[in-house]
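*Asks:* Please build the complex by placing chains B and C on the supplied structure of chain A, with the hints as guidance.
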Amino acid sequence: MNKKLISAGAAGLLLLLTGCNGGAAAKAPDALNPKDLLVTTPAAMTNLDKIVWNNNFGEPPSIDPIKSADYPASAVVSNLCESLFQIQPDFSIKPNLAKSVKNVDNSTYIYELQSGVTFWDGKPMTADDVVFSLKRQLDPKEISYWASDVTANIASVDKTGPNDVTVKLKTPDATFNNQLATPIGAVVEQAQREKAGVDYGNPGAGVMCTGPYSVGEWKQGASITLNRYDGYWNTAKKAKTKQIEIQFITDPSSIANALATGAIDGSYDVPLSAISQLSKSTNGQLFYGKSLQNMAIISTGTGTLGDPAVRKALTLATDREAIAKTVFEGTSTAAQSLVPNGGWNYSGTIFEDARKNLPSTTPNLDEAKKVLKDAKVDLSKPIKIVYPIDRTFYADIISEFANAGAKLGLTIEPSGVPGAQFGAFFSDPKARAGADAFVTTNYMNVADPLIHLGAIAGPNGIQNYSGFSDPQITDLLAKAKATSDDDARAKLTVQAEALIMDKEPWLPVVDSSTRLFMSKRVTGVPASFVYLYYPWAADLGGTGK
Amino acid sequence: MAASETAVLATAPGTPAPGRLASVRHRLGWIGMVCTGIVAVVVLAALVGQFLVPYDPTVGSVVQRHLGSSAEHLLGTDQAGRDIFSRLIAGARTSLVGPLIVVVATAVAGSMLALTAVWFGGRMDAFLGRVLDVLFAFPSLLLAILGVAIFGPGLVTASIALAVAYIPYSARVIRSVALRERNLPYVKAAELQGINGFTITLRHILPNVWTQILTGSTINFGYAIVDLAALSFLGLGIQPPAADWGLMISNGQESLQQGFPEQSLYAGLCIVATVAAMAYLGERLGGRAAAGRSKQ
Amino acid sequence: MRFLVRRLLALGGVLLASSMIVFGGLYLAPGSPEQFLVQGRTVSPEVLAAIRSQYSLDDPLPVRYWNWLSGVFTGNMGRSLLTQEDVGTLIASRIPTTLALAAVAAILIIVAGIGLGILAGTRGGMAERIVIFGSNLGIAVPTFFAALVLMSVFSVGLGWFPVFGAGDDGGLVDRVWHLTLPALALSLPLLLSSRGSRGRRSSRRANRSTC
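Residue numbers (my numbering), protein chains in the order written: chain A, 49 to 593; chain B, 2 to 297; chain C, 7 to 217.
Excised from the complex, chain A in its bound form (with noise of 0.2 angstroms):
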């Protein structure tokens, strides 16, 4: 009786529940082709007055653009703060609030600013306002999550002409321009900064600026609308579209609603679970975009997963391709590197090329059982590998990789920590005692491998969470660092690169794409993972429709 009773109730829920999302659920889309990736959308033909997005990480926690060093803030302020030089859609850097650069010897910079910048209050931006901004880098009472080896590594930063900014570095470093093209090099006013004291930053005193966009409204907790700025000084870049408000919506289905309906224009990194509905949609299009996002297993350099040979015997052993296609319904790809495939700005076909001496994606169960019989620990300690509870699709990743271990004989154990427990294990040795491994969706700030290789595993890298050291690598990290011309410090990279691959600090599992959605009504906007620096919405427009 009970029994008939609860299925015939669940067969109506069902019925109820699954045509509201429209019968079968779609295919995932097929295993993507990394050079089928897109860089741009089509071109905005027309001038619209408001466009309504969202920002799928959630409310910027402060817009001040040391202190935007995640999702939620970048997405937005990269549409407010510049730069002294711009990530391009197609990964290129390209100067921007400096005009020029003069290179001595790698470590002696001069800039020549930009004419013809002002704030949104109207003042023209100073050789003062820049020398302000760079050293805001290096005292510790501004706070800035910028502050690294990079800025670590600068001298001097001084005004030596009335249009020109020198900055000296400690030791060479041929990265450093691309470096300014995230918020180390970004430019705030000098005056209006030290005017608003703490609250910088915040919905109160806000920033001041010089890109395409001001701040407008800003309600907490529920949006933050952008305005045109009409002063802005490229004026080939203005702004398409006079109003942009961005939407704070993190919950997935919620997102997925917003699209398919089209109460929400657009988005970048649309949930994944929300794949399936959106690529039917009527109402707009999905895009997916060149990234430079990669997902990975961060090791701790201790206990079981401590030891290379395990690290690598896994990763050998574990399905990648199957998780690319399932768990991130095919818009990702197995990852051979730490460096995500195609992020790179300069001398490709060398990046490229080396990727043909990389261990294929493919599970190799033989070959894993052979490259574990080097570990020197003890294989029967469980691996435990940390994940943030609220992200579910990453126990299902630790399933799959628990599954291979198993058939390793190895123990995998998943372990849940609270999101708001889980970034201390970025930052805080401590929080990482007694873990073998923590995941992370990782992302290169600029498509510079050496860059992202010296972070993850050079000697005081931002992201070695390990004490990762090995003289060799060292030494060709800071080689390539030394090195002007790009097709050799490529060379020296990808070196770099095999032997890190060969220790994997990290463990890859696989490289993202961005996942872009636009209603009919909209469009311009990169396709690539370029939003986090550059002023995407100065693109979006109206498709006319």
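Hints listed in this document are in silico derivations from the structure and should not be mistaken for laboratory results.
Label-pair distances were calculated between CB atoms; the ranges are:
| # | chain 1 | residue 1 | chain 2 | residue 2 | range |
| --- | --- | --- | --- | --- | --- |
| 1 | C | N73 | B | I196 | 48 to 58 angstroms |
| 2 | A | T350 | B | E73 | 33 to 43 angstroms |
| 3 | C | S99 | A | D401 | 48 to 58 angstroms |
| 4 | C | P51 | A | K142 | 27 to 37 angstroms |
| 5 | C | P51 | A | T350 | 14 to 24 angstroms |
| 6 | C | M132 | A | D97 | 53 to 63 angstroms |
| 7 | A | L547 | B | V105 | 53 to 63 angstroms |
| 8 | A | N151 | C | N73 | 49 to 59 angstroms |
| 9 | C | N73 | A | S517 | 41 to 51 angstroms |
| 10 | C | I136 | A | K290 | 49 to 59 angstroms |
| 11 | C | P51 | A | G482 | 20 to 30 angstroms |
| 12 | C | L34 | A | G482 | 17 to 27 angstroms |
Beyond 12 angstroms from chain B on every Cβ pair, some chain C residues (computed):
| # | residue |
| --- | --- |
| 13 | F167 |
| 14 | G171 |
| 15 | R181 |
Here are some, though not all, of the chain B residues that point toward chain A, as calculated from beta-carbon distances under 7 angstroms:
| # | residue |
| --- | --- |
| 16 | S62 |
| 17 | V63 |
| 18 | V64 |
| 19 | R66 |
| 20 | Q80 |
| 21 | A81 |
| 22 | G236 |
| 23 | Q240 |
| 24 | P241 |
| 25 | N252 |
| 26 | E255 |
| 27 | Q258 |
| 28 | Q259 |
Each residue gets a CB set at the ideal place from its N, CA and C atoms; glycine is no exception.
*Replies:* The following block gives chains B and C in isolation, referenced to the frame of chain A:
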């Protein structure tokens, strides 16, 4: 819990004589019969389910994710390729063990607080009343979040945090019943005879508030299932890959959006059916107990 | 009068004790505020030290509690670590939606609760049983599950209600339209269990839904 177990025992063993069955049906009504059946099935699943499941409820491969229902997988598979039917069965245990911890902890601590307050009265009563007020001031979810932040997520942490949130309610009710007993002449008489308070409380007052504690626990049990499921749903309770109904609803959310509502739906229905059944039985039994007492 | 004063003093004591527990609990929780602030960035020890001094994290617990408490009495509730904003402003900005949601839910509970009560009372027999059974079902439906089903069916499937937002741009009608489903999910357990015996439970539920 205890009350509903009595109900289960009344119907569970074998096939009772028709006359007895009819009398049970008369006492519970047909809804009560259905409810008893549901509770029996859930308790059975919690006790021996792990020996009956066709698959390991914690193991699956993403390659086999979102399979529809078939002879192999009765209710299909979840987003990690695990057998949903096996997970539902296995989930019955965690879904009952957690509430059991909550209910027992609440009943023990609640009655201790209440009886202490009642026996000593005066300042002690006022002080304990304030302590309860402090506990009252916390929403149960906030307490649970605080507990989980300090001790880490898990079934035991979540259950204890929830028990702390339940205690003031249960203590208040028990106190009011116990207070009535405390003021009855026979207790006063025993006190005058010089019998110590501990003995009187244990021998005379406790047995008389026993029904209240049991009824409260039965009702609490249902709430604890729902509240613990909510904590698991928020990621504060049981952790994957362990099977738990609340966790399954949460895990199935994304699948639901992708057109595979099975996991969330079945797990949700399991919670609804179990709690509704227990609440109904708890009320029937509690109501009759109360009626019986008032007749005396 | 004396009774009132005593009750007020008692209330003050309760609030004080509760705030100590929460404050101390946060202190005991693993992870530190400065680590939370840098959100996964590896920053230099100088930056961490600057954060610790800016937020006075190195002061002993009683001093920090006293600073907080005296701040509250002077109208300064402190600053959110997450948004760098005044906590008073943050709370104030959320009050209208919270109140509106509670109001809509309360209206639903009162109207439907009384309706069902009358139905059960006047019709008796089958109607009463169904209402009683329904009330048990009401307690049994977890709010989060109800929300999931309501949203799937009425927002996405049928498109009758919006999928996000609190409707704070439009007028009253827009607002109610936005808040109907969340209010329904909130009130379902209360509404169906609004009979006398459930009073204490209802208050517990209401308690919970405020956070």
